[in-house]
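When you get a sec, could you build the whole thing from the sequences and use the hints?
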Amino acid sequence: MTDSPSDVADAPIADDTPAGGVDLSGFAAELSDAIGGSSWTADFDTVKVTVPADRWVEAITKARDSGLVFFSWLSAVDWAAEVAVGEGVDDAETVEERYEVLCRLSNVTDASAATIATNIPKDDAALDSLVPVFGGAEWHEREAAEMFGIDFRGHPNLVKIYLPDGFEGHPLRKDYPLLSREVKPWPGTVDVEGMPDTGPSTENPEAGE
Amino acid sequence: MTTVDPNLAMHLSETAVSVELETPDMTLNIGPQHPSTHGVLRLVARVDGERIESVDPVVGYMHRGYEKLSEVRTYAQIIALVNRIDWVSGFANEIPFVVGVEKLMGLEVPERAQYVRLILTEMARISSHLVFMSSFPLELGASTPLMHALRERERVLELIESVTGGRFHPNFNRIGGVKPAAGGGPTQKKVAQDIPKGFLAQTQEAMDRVLVICDDLDRLVTGNELIKARTVGVGVIPADKAIEFGVSGPNLRASGVEFDLRKAEAILPYDGIDFDIPTGTNGDSYDRYIMRNEEIRQAARIIKQAIDKMPSGPLQAKVPRIIKVPKGEVYVRAENPKGEMGYHIVSEGGRIPYRVKIRSASFSNLSILPWLLEGELLPDLVATLGSLDFVLGDLDR
Numbered sequence: 001m002t003d004s005p006s007d008v009a010d011a012p013i014a015d016d017t018p019a020g021g022v023d024l025s026g027f028a029a030e031l032s033d034a035i036g037g038s039s040w041t042a043d044f045d046t047v048k049v050t051v052p053a054d055r056w057v058e059a060i061t062k063a064r065d066s067g068l069v070f071f072s073w074l075s076a077v078d079w080a081a082e083v084a085v086g087e088g089v090d091d092a093e094t095v096e097e098r099y100e101v102l103c104r105l106s107n108v109t110d111a112s113a114a115t116i117a118t119n120i121p122k123d124d125a126a127l128d129s130l131v132p133v134f135g136g137a138e139w140h141e142r143e144a145a146e147m148f149g150i151d152f153r154g155h156p157n158l159v160k161i162y163l164p165d166g167f168e169g170h171p172l173r174k175d176y177p178l179l180s181r182e183v184k185p186w187p188g189t190v191d192v193e194g195m196p197d198t199g200p201s202t203e204n205p206e207a208g209e
Numbered sequence: 001m002t003t004v005d006p007n008l009a010m011h012l013s014e015t016a017v018s019v020e021l022e023t024p025d026m027t028l029n030i031g032p033q034h035p036s037t038h039g040v041l042r043l044v045a046r047v048d049g050e051r052i053e054s055v056d057p058v059v060g061y062m063h064r065g066y067e068k069l070s071e072v073r074t075y076a077q078i079i080a081l082v083n084r085i086d087w088v089s090g091f092a093n094e095i096p097f098v099v100g101v102e103k104l105m106g107l108e109v110p111e112r113a114q115y116v117r118l119i120l121t122e123m124a125r126i127s128s129h130l131v132f133m134s135s136f137p138l139e140l141g142a143s144t145p146l147m148h149a150l151r152e153r154e155r156v157l158e159l160i161e162s163v164t165g166g167r168f169h170p171n172f173n174r175i176g177g178v179k180p181a182a183g184g185g186p187t188q189k190k191v192a193q194d195i196p197k198g199f200l201a202q203t204q205e206a207m208d209r210v211l212v213i214c215d216d217l218d219r220l221v222t223g224n225e226l227i228k229a230r231t232v233g234v235g236v237i238p239a240d241k242a243i244e245f246g247v248s249g250p251n252l253r254a255s256g257v258e259f260d261l262r263k264a265e266a267i268l269p270y271d272g273i274d275f276d277i278p279t280g281t282n283g284d285s286y287d288r289y290i291m292r293n294e295e296i297r298q299a300a301r302i303i304k305q306a307i308d309k310m311p312s313g314p315l316q317a318k319v320p321r322i323i324k325v326p327k328g329e330v331y332v333r334a335e336n337p338k339g340e341m342g343y344h345i346v347s348e349g350g351r352i353p354y355r356v357k358i359r360s361a362s363f364s365n366l367s368i369l370p371w372l373l374e375g376e377l378l379p380d381l382v383a384t385l386g387s388l389d390f391v392l393g394d395l396d397r
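Residue numbers (the working numbering), protein chains in the order written: chain A, 1 to 209; chain B, 1 to 397.
Be aware that one or more of the hints could be misleading.
Distance condition first, Cα-Cα at most 27 Å in a straight line; then the derived DSSO-like pairs of lysine-lysine [to be verified]:
hint, chain 1, residue 1, chain 2, residue 2
1, A, 160, B, 324
2, B, 241, A, 62
3, B, 324, A, 184
These are calculated hints, taken from the structure and not from any lab test.
Pasting the structure below:
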């Protein structure tokens with residue numbers, strides 16, 4: 001997110017805390033208090049705690065020990081001012097170039113879940129591996145490594161998982177082109193152009209922009 | 001000890017067969033083309049005799065790059081992509097994605113559309129589990145259940161096709177509802193459209209037949225001694241390991257964890273519907289089979305109740321002609337037939353998502369394989385692999 005992260009005091013409170021489960025807003029505030037330099041948000045029922053990269057493993061371990069024991073997934077987002085394909089960010093001038101690594105944890109009794117995130121610089125894309133904390137992180141980190149070129153330090157077997165061994169480049173990076181689009185523009189784009197003579201708009205004023 | 005034929009014993013003593021066979025380590029390549037790999041999974045196993053020392057799954061033969069492709073398609077176009085992830089339950093794949101987009105847009109989906117989604121999701125679950133019911137015994141050498149299960153699945157698929165137009169890839173969900181009521185501009189027909197007449201009544205009947213097939217499969221497979229000998233105590237996943245590796249769905253419940261996203265975090269109207277979550281005790285291959293058999297019954301029960309409760313009304317909320325999703329990020333997950341399926345959608349306010357992370361169940365369910373198969377016997381590999389019920393499209397995305 002390029003939105004400035006809300007600080008703990010005025011962060012939105014998730015009021016859908018499941019009874020008997022992990023108190024998510026409390027958990028997020030607590031985790032972000034315990035890990036210095038972190039912040040949290042709870043938009044769209046998705047609790048997200050952003051922690052500094054050097055305390056990544058510590059934060060995940062803490063989250064696990066406070067009840068989020070189920071390893072759901074790990075991946076990343078490439079925040080870039082320029083993109084080779086697709087649409088770029090809303091405000092390309094203020095976006096901070098970085099990889100945002102996301103790890104989703106939940107539990108197996110109720111709806112409690114949180115995304116733990118951290119930002120790593122593009123010129124030093126490395127992060128400590130989560131494999132000692134969650135065995136399930138192994139494949140997910142291999143995927144993130146080949147797709148984004150992130151080095152997970154301490155990973156037991158950081159080889160390619162989907163891509164062939166000799167594959168060059170990191171396909172999910174925003175500067176990686178989609179060759180089929182370079183050769184031929186996608187015909188599907190005409191579908192989303194406004195059709196001529198569409199008459200009065202059917203837009204729902206409640207449906208946002 | 002079994003009694004040995006005296007003639008044979010004499011023969012053995014004469015030829016002085018060494019009891020300790022030399023079993024040098026060897027590497028056994030299983031797949032990518034192998035009936036038990038459900039597509040193109042390759043396992044490189046290092047075996048000592050019949051004992052597996054280590055297994056290295058090689059995946060990616062089916063990788064189609066859906067996460068990258070999602071970055072160049074509009075939200076409506078992505079729906080056609082995501083139902084190809086787990087192709088035996090195509091409809092169920094669409095649900096978490098459209099619900100995620102609706103959440104970001106703040107759309108209220110009409111109740112009738114939600115019930116149509118629920119019924120079709122459960123039908124996808126039945127058809128997916130019936131595939132398991134046919135393939136799993138087949139891999140263990142029983143071919144009769146396949147005939148029964150696939151015949152019934154065909155009827156379910158025909159019903160799905162009668163509503164959506166597609167057996168495998170329905171592409172039926174729209175942002176804000178389901179297809180029949182889409183449109184509404186002055187150049188399009190204003191005729192109120194609905195699901196086909198007679199669909200609900202036919203589905204009720206089909207569910208009765210599905211319950212009968214479950215009983216038939218019980219008689220054919222569940223109590224079968226050969227099946228039990230091959231599966232009971234084979235490929236045991238303890239609950240704590242399952243949780244650590246992110247194993248979800250029936251595979252998790254077979255290990256005794258009573259967790260179902262339809263109860264814990266329902267994104268479809270499961271609230272007023274009465275159904276049970278079957279759980280296993282041992283976490284072995286046999287329990288994982290039982291889970292699916294029981295889940296078919298529960299799904300039929302859910303569908304019957306949902307048909308009774310089906311409200312009338314529109315099938316589609318009013319949405320802009322050009323769908324732009326406000327800035328934000330959301331993760332929405334649902335209980336797919338294979339387990340937890342979810343989409344992390346990052347929108348930057350445009351017509352195309354900035355990033356879509358697809359969390360598919362089979363990927364995490366199979367990531368436990370190297371741990372699970374270590375030290376097991378080679379003949380148990382097929383039973384263990386089959387019981388995990390994976391689909392390569394769901395694994396490789």
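Hint-by-hint comparison with the structure:
no.: 1; hint: A:160 to B:324; in the structure: violated, 35 Å
no.: 2; hint: B:241 to A:62; in the structure: holds, 19 Å
no.: 3; hint: B:324 to A:184; in the structure: holds, 25 Å
Against the hints set out earlier in the document, a violation occurs for number 1 only.
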